[in-house]
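Visitor: When we follow this note's numbering, the leftmost residue of the sequence shown carries the number 315, and every step to the right adds one.
Derived by calculation from the structure, the hints in this document are not laboratory data. Incorrect hints may have been included.
Simulated pairs of lysine-lysine, DSSO-like, Cα-Cα distance not exceeding 27 Å [stated by the list, open to error]: (1) K499 / K358; (2) K364 / K472; (3) K472 / K360; (4) K321 / K360; (5) K482 / K360; (6) K482 / K472; (7) K499 / K482; (8) K472 / K321; (9) K367 / K472; (10) K367 / K482; (11) K499 / K472; (12) K491 / K364; (13) K364 / K482.
Pair by pair, the computed Cβ-Cβ distance ranges are [said to hold, decoys possible]: (14) Q479 / P399: 33 to 41 Å; (15) A330 / G449: 24 to 32 Å; (16) R406 / K367: 26 to 34 Å; (17) A330 / D469: 30 to 38 Å; (18) A334 / D469: 37 to 45 Å.
Think of the CB as a built atom: it goes at the ideal place given N, C-alpha and C, for glycine as much as any other residue.
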Amino acid sequence: MYERYVKRLLDALFSAVLLALLWPAMAVVALLIRLETPGPAIFKQKRYGKDKKFFYIYKFRTMRMDAPRDVDTNRFHDAENYITPLGRILRRYSVDELPQLINILRGDMSFIGPRPALWNQYDLMEWRDRLGASGVRPGLSGWAQVNGRDRLGADLEKKATLDAQYAKNISLRFDLKCLLWTFIKVVNHQDIEEGGEDRS
C-alpha cells in the first residue's frame, strides 16, 4: 500500500512544492552556469529506472562541455580536471541534483530509492537483478548513499546489497530515516569523492 500509492503521492506533492519554492534560486544557478562556461545549464543523461526501463535524469551541469559522457565514474579518475569552479561548489552542497525534482514529479524517480545507474553500468545492474533491487523506482538519495555514498567506490556488490535491503524493507519510517541521514551527510559534506559513484 505504502510503496504503490502513498509513497508516489508524497513524492509528487513534495516535489511540486519544492519546485514552486526553489525555481527562482534554480533559475539563478542556471544563469550562472551559462555565464561561466559555454553550453546548456542542464545536463541530461540516460539512466536505468524502475524495472530497468530507461529515462533521462536531469542535473545542473558541473563540468566543461569536453568532459567524457556516459563514463562509469568508478573509471573516471581525472574528473577533477573537468569540473568548473562553480560546479565544484554545486557538487559540494549537492545543488547540482536539484533538477531531479522534475524527474520525481514526472514519476521517473522517488526521493528515496537506489541511485539510478548509468545505461552502461551493466555490472551494477547485474548485481541488483541478482539481489532483487532492480524493480524499485530509483531515488534522489538512498540507503547506499547514507551508508558510504562515493566512498563505497567500486564495491558493486556492497552497493547492490544495500539497495536490496531498502527494496525489501520499504516503509515511511525507512524513507524518513534515509532523508534525515541524507540531510546530515549533505550538511557535513560527508562521503563525497570526485570520481565516486554518480558524480559524473
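Visitor: Take the hints in turn and mark each one as holding or not.
Guide: Structure-based check of all given hints:
Distance check on the hinted pair: K499 and K358 sit about 25 Å apart at the alpha-carbon level, within 27 Å; holds. Straight-line distance between C-alpha atoms of K364 and K472 comes to about 20 Å, which keeps the hinted pair within the 27 Å bound. Pair hint K472 plus K360 holds up; C-alpha atoms about 23 Å apart against a cutoff of 27 Å. Proposed proximity of K321 and K360 is supported: the alpha carbons are some 24 Å apart, at most 27 Å.
For the proposed pair K482 and K360, the alpha carbon gap of about 26 Å is at most 27 Å, so the pair holds. With a C-alpha separation of about 15 Å, the suggested pairing of K482 with K472 holds against the 27 Å cut-off. For the suggested pair K499 and K482, the alpha carbons sit about 24 Å apart, so the restraint of at most 27 Å is met. Annotation: proposed proximity of K472 to K321 holds, straight-line Cα distance about 25 Å (limit 27 Å).
For the hint pairing K367 with K472, the CA-to-CA distance comes to about 23 Å; that is within 27 Å, so the pair holds. For the hint pairing K367 with K482, the CA-to-CA distance comes to about 20 Å; that is within 27 Å, so the pair holds. Among the hinted pairs, K499 with K472 is consistent with the structure: their alpha-carbon atoms are about 19 Å apart, no more than 27 Å. For the given pair, K491 sits about 22 Å from K364 by alpha-carbon distance, which is consistent with the 27 Å threshold.
Under the criterion of a C-alpha separation no larger than 27 Å, the hint pairing K364 with K482 is consistent with the structure, at around 15 Å. The given range of 33 to 41 Å is respected by Q479 and P399, whose C-beta atoms sit roughly 38 Å from each other. For the pair A330 and G449, the supplied restraint of 24 to 32 Å holds, since their beta-carbon distance comes to about 26 Å. In this structure the hint that R406 and K367 lie 26 to 34 Å apart at CB holds, the actual value being about 32 Å.
For A330 and D469, the hinted distance range of 30 to 38 Å is satisfied, since their beta carbons lie about 36 Å from each other. Between A334 and D469 the beta carbons are some 39 Å apart, a value that agrees with the proposed interval 37 to 45 Å.
The earlier numbered hints are all upheld by this structure, with none contradicted.
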